[in-house]
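Chains A and X, in that order, give the protein sequences. Heads up: the first sequence begins at 1125 in my numbering, then just goes up one per residue. Heads up: the second sequence begins at 1125 in my numbering, then just goes up one per residue.
Keep in mind that the hints were calculated from the coordinates and are not lab data. Check before you lean on any hint, since a few could be wrong.
For identical chains, the list gives no copy identity; a pair is met inside one copy or between any two copies.
Once the Cα atoms are required to be at most 27 Å apart in a straight line, the calculated DSS-like pairs of lysine-lysine come out as [to be verified]: (1) K1531 <-> K1496; (2) K1509 <-> K1146; (3) K1403 <-> K1183; (4) K1509 <-> K1553; (5) K1164 <-> K1472; (6) K1206 <-> K1229; (7) K1220 <-> K1149; (8) K1274 <-> K1229; (9) K1206 <-> K1274; (10) K1152 <-> K1433; (11) K1324 <-> K1220.
2 protein chains.
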Amino acid sequence: MIWNKEAECMSREELREIQLKKLQKIVKRAYENVPYYNKKYTELGVFPEDIETLEDINKLPFTTKDDLREGYPFGMFAVPPKEIVEVHSSSGTTGKPVVSGYTRKDLDDWSEIMARGLNMMGIHEEDIIQNTHGYGLFTGGFGVHYGAQKIGSIVVPISTGQTRRQIEIMKDFGTTTLIFTPSYGLYLAEVAKEEGIDPKSVGLKAIGFGAEMWTEEMRKKIENDFNAPAFNIYGLTELMGPGIAVECSSQNGLHISEDYFLPEIIDPNTGKQLEEGKKGELVLTNLEREGMPIIRFRTKDITSLHYDKCECTRTFVKMDRITGRSDDMIKVKGVAIFPSQIEKALLKIDSIEPHYQIIVTRPHLMDEIEVKVEASPDIFFDEVKEMINIKKKIEDYIENEIGLRVKVSLVEPKSIPRSEGKAVRVIDKRDLH
Amino acid sequence: MIWNKEAECMSREELREIQLKKLQKIVKRAYENVPYYNKKYTELGVFPEDIETLEDINKLPFTTKDDLREGYPFGMFAVPPKEIVEVHSSSGTTGKPVVSGYTRKDLDDWSEIMARGLNMMGIHEEDIIQNTHGYGLFTGGFGVHYGAQKIGSIVVPISTGQTRRQIEIMKDFGTTTLIFTPSYGLYLAEVAKEEGIDPKSVGLKAIGFGAEMWTEEMRKKIENDFNAPAFNIYGLTELMGPGIAVECSSQNGLHISEDYFLPEIIDPNTGKQLEEGKKGELVLTNLEREGMPIIRFRTKDITSLHYDKCECTRTFVKMDRITGRSDDMIKVKGVAIFPSQIEKALLKIDSIEPHYQIIVTRPHLMDEIEVKVEASPDIFFDEVKEMINIKKKIEDYIENEIGLRVKVSLVEPKSIPRSEGKAVRVIDKRDLH
Ligand SMILES: [Zn+2]
Ligand SMILES: [Zn+2]
């Protein structure tokens, strides 16, 4: 069963027609109601009536996180305050946070896209969803919550932390679905085992990943730990929240709800649109949003789009899982490195744990990169010669992946700090400014 | 304007008729669908058809928190899992937690009662509600959230903590309504002042108090700090969550949504119903709940009911704010003491801060009670003689309130730990088991 077959399986022609009408309407609404768009479009001499085809979106300027920050707090809202019913906000670790505003219809739409996503994961009204994402200004918790309410499944809004209680509830409630960041999932499995509970025994039906980059190998490890398939959930607070794209049962890409979001892939350096299948920066445009329509948002997320037929019969385009960020990729000795590449290399090797940290330094005007990796308990107390062999093997594998020789340190099991939210994978000690 | 005039202002006769019908229906539903009620009623020889008048509720046994605990996790549910859409849970500091289950209609009803409450506080769709209650298994955050969504006001689901960010957002967003526990409100005001921001300058319209006992004097202090009226919100996770009763503009009692909850006041020792106006333990019965109907729940909260006309024109009964708990009252030298009594005494005295802690010990087989109170900065570094006078004055005032002489210690300003949730007022070091 498909949650909204009429929408999710419509033909490309019909979809493009709908998208064009929605794009024209939202660009007009943004231009007329948001001073930011009005000013920018006027300056560039581009106007809503210039959008005659979907390709004409190229005429419009991009919107960046900095643009949104400048509108702090409510400058990007396109409706009067009395029509806004909820606000969320990005973390604001650098500078002012971005505030995201929702009308009642926006919340309904958010519930709809996440309901589609939970449905793709095989969730029905009988399922018990334990949602370990944080609730609050962050959209993580609420997206799944609203989607679950729409589906009518049982949501357990336990939020982040209290790991031992999470495990107890999982067992006592008979949780069928866990929502977590991959690094928290690894931690949960680890703590469960410490408590003498095999995560497999919970009898999970599905796992939802969110809010963090991961690798195929990490998915396999988690799927194996919990004996359940894990699906990728993608979202951005600026555009809506989790649910913009979710993976279907074929587990090889995330269907974007294209009746709500228009995706493009651009070259992050030139801003030019790239053709189907090419890797680049994802740009998203809200097609329905009332409270805060965002046009051509540069997500900084690196992925690619695939329009070929999916075996699930949904026709919405599939995006690859995010393999990096156009901004947080590490440039070392001129080489762009993504933590996911390191991870990919590590997960190919036995005798180590999938916990690692990348430390970048510049001791003598030259970049140095060190990868700390946890040895597994049985190897750590083994012969030194064996340790040296493994270390060399990891260095080879990483070099193979990123084209650069790095220094690898094998550290004691459980010595790398565990995270209850996003894992801190990169510690950049260089002064890059 | 009254949110639901038809319900909130109906005549007592009409209300009693509706309540009886609902009571008959829910007792029947509980008896038929929940093994706990079925067994208990059968044992006592009391059956749904014995409820012929509202007074017949006296024939039914009470339900206690322990009864609910025994049904952990889902034993009290009256519908199959697929009809449950959300679960919450009490904190479970002692023993197993109580799980509370909601159908879609239950969530709608919860939104409705909280919408009535926000309306009583003068909140409209233009208002910006900064909700500092925690989201998660606890119902605190979600009650206000759902009510605000129903009203259509803007909810900022910031949750607990991050006090400096709370203050920044309050100022930047132009928050009109703050929801907090009284002790967190005091802390917020204190931190704002430290940051050079006068809490009065925020321009609040209303404050909602929840989840904690407080005194009239504490309300005055908070209202004065923020220059806004503060309203009491009452709720229990077992029965629903916040919104069961909320204070109207006359600020002298909380209107219970009597079409959803049937209130009684009983003598906590004998279990006998007490007449109007008498102080005793509040007992509540769900009249509408589908997911988990709770019949005659002993709340342990001490209050009284008043059926006289309210100037706001609402006809629903008013309960006094909670002045104690029938279980957590401290018995010292055989005297029952409520922290609220100590607080009341303290707030009558100048030169001290409203931060205090009650420490109960039993050093020589006799109870001793010490009250630690913060001196205000201007007095603390003053003459010792003045300090001794104030100490004696506090001891007199407390004795007047509780009928017992206690030891008072004046401590340094800001030396008593501040709380971001419920304040820890009583430290009982006696072995009472
Ligand atoms: Zn598919
Ligand atoms: Zn009233």
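Here is how each hint holds up against the structure:
Taking the shortest Cα distances, K1531 and K1496 sit within 27 Å of each other inside one copy (9 Å), while across copies they are farther apart (57 Å). In this assembly of identical chains, the alpha carbons of K1509 and K1146 never lie at most 27 Å apart, being 64 Å within a copy and 77 Å across copies at closest. Only within a single protomer do K1403 and K1183 lie at most 27 Å apart by alpha-carbon distance; the minimum there is 22 Å, versus 72 Å between protomers. In this assembly of identical chains, K1509 and K1553 lie within 27 Å of each other by CA distance neither inside one copy nor across copies; the values are 31 Å within and 57 Å between.
For the identical chains of this complex, K1164 and K1472 are neighbours neither inside a copy (49 Å) nor across copies (60 Å), given an alpha-carbon limit of 27 Å. Taking identical chains as interchangeable, the C-alpha atoms of K1206 and K1229 lie at most 27 Å apart whether they share a chain (13 Å) or sit on different chains (26 Å). Taking CA atoms no more than 27 Å apart as the test, K1220 paired with K1149 passes in neither setting, with 30 Å inside one copy and 54 Å between copies. When the C-alpha separation of K1274 and K1229 is checked against a cutoff of 27 Å, the pair qualifies both within a copy, at 14 Å, and between copies, at 13 Å.
For a Cα distance limit of 27 Å, the shortest separation of K1206 from K1274 qualifies both inside one copy, at 24 Å, and across copies, at 13 Å. Taking the shortest Cα distances, K1152 and K1433 never come within 27 Å of each other, neither inside one copy (33 Å) nor across copies (54 Å). Only between protomers do K1324 and K1220 lie at most 27 Å apart by alpha-carbon distance; the minimum there is 24 Å, versus 43 Å within a single protomer.
When each numbered hint is compared with the structure, violations occur for hints 2, 4, 5, 7 and 10.
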